[in-house]
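Engineer: Fit chain B to the known structure of chain A by using the hints.
Chains A and B supply the protein sequences, listed in that same order. For the first sequence, the working numbering begins at 1 and goes up steadily by one. For the second sequence, the working numbering begins at 1 and goes up steadily by one.
Treat each hint with caution, since some may be false.
[Unchecked claim] Each pair of labels, with its calculated beta carbon distance range:
1. R141(A) <-> P98(B): 44 to 50 angstroms
2. R141(B) <-> K41(A): 40 to 46 angstroms
3. V29(A) <-> K57(B): 36 to 42 angstroms
[As the list claims (entries may be wrong)] Quick look at which bits of chain A chain B covers, simulated, 3 or more residues with Cβ under 8 angstroms:
4. 41-52
5. 60-73
6. 90-104
7. 107-120
[Claimed, not checked] Just some of the chain A residues that point at chain B, by a computed CB distance under 7 angstroms:
8. M78
9. N85
10. S86
If you're looking for bench data, these hints aren't it; they were derived computationally from the structure. C-beta: ideal position from N, C-alpha, C; glycine also.
If you want the building blocks of each chain, they are given just below.
There are 2 protein chains.
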Amino acid sequence: MRRALLAAKKAGEKGEVPIGCVIVKDGKVVSSAGNARESKKNALHHAEILAIDKACKKLGGWRLWECEMYVTLEPCPMCCGAIINSRIRKVHIAARDPKAGAMGSVVDLCEYPFNHKPEVEFGLMEKESQALLQSFFRALRDKKK
Amino acid sequence: MRRALLAAKKAGEKGEVPIGCVIVKDGKVVSSAGNARESKKNALHHAEILAIDKACKKLGGWRLWECEMYVTLEPCPMCCGAIINSRIRKVHIAARDPKAGAMGSVVDLCEYPFNHKPEVEFGLMEKESQALLQSFFRALRDKKK
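Next up, chain A with everything else stripped away, as it sits in the complex (with noise of 0.2 angstroms):
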């Protein structure tokens, strides 16, 4: 998790939202990636997808059986739909997002029936993403006034 907290704070040097994702394969770092939404004008561009993508072009497969993923925010719908379809193992989120989390705080898409459920665990390093949001935040509205 402290890879992806570095990957995140990188994202929020570039003025993007800081959320990083790190994926791990037999306790090696296979892929990182920060959120690169603004600078690439790209919907898709979150970290977790890029961090997929760069794991399936690494791996050579679309399936990450093996792979787990540290990420510093919970998942939106799209990238909760992305893990369940790449199959990762296991995921490890820093903090909750109450605002689009799909792994539980808006909804929770690995109650419902699809092809994969992947592990879930909360709270690894919490309060050092909660911060860094935060700041990203509070500094965003500071510059608005």
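Structural biologist: Positioned in the frame of chain A, the structure of chain B alone reads:
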């Protein structure tokens, strides 16, 4: 929808599940794609994601407010989430997907309070899409025998 079915058919000829998608703005086609999950070995390469990606690149922004999507099969959670995230105005769906559909069949993501609710219309060229999918899966089963 005719163009989306053509993209679906082309995908099927390459051994992909025949699903196609077209994005339209002001009555003109902005992007078009067929499912390419197997050939690209990538969990993200559903027709809708590829079409949204192309449309964002072409229109130079992540919000596709004025766009409508025509898709031959009901979007999965990932693709429905991508539709919400990209703010697509209306989605025309040919056939329902009882196994993975996220716009009414397994779950209806548009019922939840996310920050965008696309209009949804089912049934346009439904029979043609169903026939295409059925003949693809029949051929697949015959091959396995």
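Engineer: A separate judgement is required for each hint: does it hold in the structure or not?
Structural biologist: Here is how each hint holds up against the structure:
no.: 1; hint: R141(A) <-> P98(B): 44 to 50 angstroms; result: holds, 45 angstroms
no.: 2; hint: R141(B) <-> K41(A): 40 to 46 angstroms; result: holds, 43 angstroms
no.: 3; hint: V29(A) <-> K57(B): 36 to 42 angstroms; result: violated, 28 angstroms
no.: 4; hint: 41-52; result: holds (count 8)
no.: 5; hint: 60-73; result: holds (count 5)
no.: 6; hint: 90-104; result: holds (count 3)
no.: 7; hint: 107-120; result: holds (count 6)
no.: 8; hint: M78; result: holds, 3 angstroms
no.: 9; hint: N85; result: holds, 5 angstroms
no.: 10; hint: S86; result: holds, 4 angstroms
Going through the hint list in order, the structure does not satisfy hint 3, though it satisfies all others.
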